[in-house]
Amino acid sequence: MKNILFVLYEDFHSNSALHVHHFANNLVKLGFDCVVAVPRNKQTVSQVGEDLTHLYKVTEYGEFYRLNKLFKNQQGPDVVHVWTPREVTRNYCHKLRKAYDFKLVIHLEDNEEYVLEKYLNKPFKEIANANGSLAIPDNVSHPQKYREFLASADGVTVIIEKLKEFVPNNVPSLVLWPGVETDYFYPRNPNPEIVKRFNIPENTLVFSYTGNVHAANTHEVRSLYLAVAMLNREGKPAVLVRTGRDFCNFLGDDDNWARKYAIELGYVDRSLMPEILALANVLIQPGRPDKFNDYRFPCKLPEFLAMGKPVILPGTNIGLVMENEKDALVLPMVDAVNIVESVGKLFEENFLYKQLSEGAINFAKTHLNWQKNTELLKSFYEEIG
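Numbering of the sequence shown is given in our numbering, commencing with residue 1 and proceeding in unit increments.
Everything labelled a hint here was simulated from the structure, so no lab data went into it.
Cβ atoms here follow ideal geometry from the backbone N, Cα and C, with glycine treated the same way.
Certain hints may be false.
[Unchecked claim] Heads up, simulated DSS-like pairs for lysine-lysine below, C-alpha to C-alpha not over 25 angstroms straight-line:
no., residue 1, residue 2
1, 291, 162
2, 2, 95
3, 29, 365
4, 2, 118
[As the list claims (entries may be wrong)] Listed next, with one range per pair, are the computed distances between beta-carbon atoms:
no., residue 1, residue 2, range
5, 253, 184, 36 to 42 angstroms
6, 199, 383, 29 to 35 angstroms
7, 95, 170, 23 to 29 angstroms
8, 46, 134, 33 to 39 angstroms
My request is simple: use the sequences and hints to build the entire structure.
This is how it looks when you write it as structure tokens:
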């Protein structure tokens, strides 16, 4: 078993692409031959970061007829690892099946049923019972076909343990955590040039949040803006430095109350992310246990932890395996009120601030290692092969 084809649901602008990039690169170092397929725009492989060299080849869905030419042995893939069971990837796999013989592995990183609910703004049961009367876009999972797709797999990888609820009993599964690039994300002081470039005020508490706003996380990101506004109202100067795009109106039509305390950078090159996170005094993942958060691994958390800043997060997903007041400040719910209270606690108790900084680094080193996690994936491939 040498040829591995990773299949992404969109181009290399996605957060998932970064995970695939590292797994593919590390598998190549272990002696595998890897190719990554995207629906279109394969040139966006450059977006994984200017300092991140890819050791794998890239292709587009439309080039599946010449896929074997991309592997060194001129054979087809031995394993096809599909990133999420969305319609776009399922349909591509259906075409691949007609041309090649391979082991199929499907990766789960979200509660696909909840994502579908939010996308169509209808309960999942209503969507599932529509009997084909609803058009299902190719960027989400089909309510019936995604389950059939999972049942046809030779193995399933899940980014968090709870996603195993969706894995058929007879299909082998592996919990596959991401890693973090510790050559780029490591403890450092704010860069004075970046402070000046983004006009960060002096003597101000700085929050950094790197992520898009979409239908599933509007309330969470809003709570971060609200916490910053509340701190300023209490006479404690604070500012939010944020990257990412808004895919919905989450602050209301009159949003000056929030925007005036935010430095919104939009899409920025990934190489700048460590400098942006270094600006922060504390890093926060807002949210609470629910149908969305319980089944995910927020992509920014490995980077938060590796930066050696105190991290505040809710007691769900990765928070369930972290020790409160050692690895992070793990709260039942991270909303605006709890953020304000927790930040106050951190800066009143210097010992706790230092302990959380050290705990974050140690957790990242122990659990979020690309090489070690790729070894687990290699073993899984061998088990199903």
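What are the numbers of the hints the structure violates, in ascending order?
4 and 6
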